[in-house]
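K.L.:
Using the sequences and the hints given, assemble the complete structure.
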Amino acid sequence: MTTGDPLIVLDGVNKWFGPLHVLDDVSLSVGRGEVVVVIGPSGSGKSTLCRAINRLEPINDGTITFDGQPLPAEGKPLAKLRSEVGMVFQSFNLFAHKSILENVTLGPVKVRKEKPAAARERGLALLDRVGIANQADKYPAQLSGGQQQRAAIARALAMQPKAMLFDEPTSALDPEMVGEVLDVMTSLARDGMTMVVVTHEMGFARHAANRVIFMADGKLVEDAPPAEFFANPRSERAKDFLSKILTH
Amino acid sequence: MHVFADPTNLDAYLSGFLWILKLTGASAVLALVLGVLLAAFRVSPVPVLRGVGAAWVNIFRNTPLTLIIFFCYFGLFTTLGLTLSDDLDQNNYWLGVVGLSVYTAAFVCEAVRSGINTVPPGQAEAARAIGLTFFQTLRIVVLPQAGRAVVAPLGSVLIALCKNATIVGTIGLIEASSVMKDLINSNGDAVIAIFAVFAGTFAALLIPTGYFFGWLANRLAVKR
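Residue numbers (my numbering), protein chains in the order written: chain A, 150 to 397; chain B, 17 to 240.
There's no promise every hint is true.
Have a look at the derived ranges for each label pair, beta carbon to beta carbon [to be verified]:
| hint | chain 1 | residue 1 | chain 2 | residue 2 | range |
| --- | --- | --- | --- | --- | --- |
| 1 | A | K264 | B | L65 | 28 to 38 Å |
| 2 | A | R278 | B | T79 | 51 to 61 Å |
| 3 | B | Y227 | A | E223 | 36 to 46 Å |
| 4 | A | H349 | B | P61 | 24 to 34 Å |
| 5 | B | F20 | A | P265 | 52 to 62 Å |
| 6 | B | P160 | A | S384 | 42 to 52 Å |
| 7 | A | P168 | B | P136 | 24 to 34 Å |
| 8 | A | E263 | B | T186 | 49 to 59 Å |
| 9 | B | Y227 | A | K264 | 39 to 49 Å |
| 10 | B | L232 | A | E263 | 32 to 42 Å |
| 11 | B | A70 | A | N163 | 27 to 37 Å |
Below, a sample of chain A positions facing chain B; criterion: calculated Cβ distance under 7 Å [as the list claims (entries may be wrong)]:
| hint | residue |
| --- | --- |
| 12 | M236 |
| 13 | A245 |
| 14 | H246 |
| 15 | M308 |
None of these hints come from the bench; they were simulated from the model.
Note that beta-carbon positions come from the ideal geometry of N, C-alpha and C, so glycine has one too.
P.N.:
The structure is reproduced here in structure tokens:
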């Protein structure tokens, strides 16, 4: 296993949505270069966990540190931290009023104050890497879901992040487009990107993950290498979950 | 139309509407700036700013404009001694602009805020996730997309502002409605005609304004 020093550390994290305990004393450490896949039934808190790491969801209790620093509260320091953590959403969330290339260069130019020409050059290289360089001047609504999601990955990569968070990146895609997005993610994993991936794609978990985290009812139930987890789940909840999704 | 054939009356009519246009123009600019700022306050993550925005809207949206304009004259000017110009007309004009602006800003704020709410929350989340600050997110990502939803109601606010400008007549500025009252007092035989001319002039100014904002809203539409 490739576990460097810890980059993302959650310690005793709790979060409630009203009476609902969505994160129940979650502790987790993600090493540099590690790929952690988070799976679990819907409502288990896995998306909330992912979104808590860049504080899109504030937590009620516990600590989250990124690269040795505790997550700052609102304001400039938080914006700076977020610029170092790429995030890919289920519904892509490309800026609807900007072209694909503008989506990718916006962060580098506005946040990092890079020269537009340099940002443009790197943006085009990134779009080429995810296979949609020929769509650079189109608007998000003109692209297929798979293309939009690959553009969203390029947008996150343009910030040269230290880690990438994926919140169910293929759940909103037509089945024939899932592969093209997973290919991009697999190549990122192979290049040593630190990744936290919330997904239902068990194939991706098997071949690209270093560890699989299984969550249920806001608790982190299992944490094991994929081969071990899929062959020998220890908890009843995980056995039940796997039997439901793997028999089809 | 013998009333408006008299050059003195025609001048009064023209200068009355000139005041209306000047009141509308200056107040529109101030109310827009103030209203957008207040809307930003109301959606900001800082509780104090949200409180200021909400208080402003609740106070000024629920106070009759006549009271606000009276307060600007009798409160700010007569009692507190706030003089905005040494010229009497100019002073009344600017007091009117202050009153119209603070009042209209409350409506601009709510129009902008409801427009902001039409932009899917994922847009702001994605903007924050790449490290844009709150105000950058608003300025670069959210407000440009709120355009379509904001522009049409802002057109209505502008139209209301233009008609509301007649209330400044109550503190002594001889704007259109004051001119109309004077003309009616001295021309009892042409009351209906005078009404029709003033109403028609407002309609001629405002109907194209409404269409312009409708056209602008379509231009600014963002494809999803």
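K.L.:
Are the hints correct? Go through all of them and say.
P.N.:
Tested hints:
1. A:K264 x B:L65: 28 to 38 Å: Given about 34 Å between the Cβ atoms, the range holds.
2. A:R278 x B:T79: 51 to 61 Å: holds, 59 Å
3. B:Y227 x A:E223: 36 to 46 Å: holds, 42 Å
4. A:H349 x B:P61: 24 to 34 Å: holds, 32 Å
5. B:F20 x A:P265: 52 to 62 Å: holds, 58 Å
6. B:P160 x A:S384: 42 to 52 Å: Given range 42 to 52 Å: holds, Cβ gap about 48 Å.
7. A:P168 x B:P136: 24 to 34 Å: The hinted range 24 to 34 Å holds for A:P168 and B:P136, with Cβ atoms some 27 Å apart.
8. A:E263 x B:T186: 49 to 59 Å: About 56 Å separates the Cβ atoms of A:E263 and B:T186, which means 49 to 59 Å holds.
9. B:Y227 x A:K264: 39 to 49 Å: holds, 43 Å
10. B:L232 x A:E263: 32 to 42 Å: holds, 33 Å
11. B:A70 x A:N163: 27 to 37 Å: Hint holds: Cβ distance 31 Å, inside 27 to 37 Å.
12. M236: Nearest chain B Cβ about 4 Å off; hint holds.
13. A245: holds, 5 Å
14. H246: holds, 5 Å
15. M308: Where the cut-off is 7 Å and the nearest Cβ of chain B is about 6 Å from A:M308, the hint holds.
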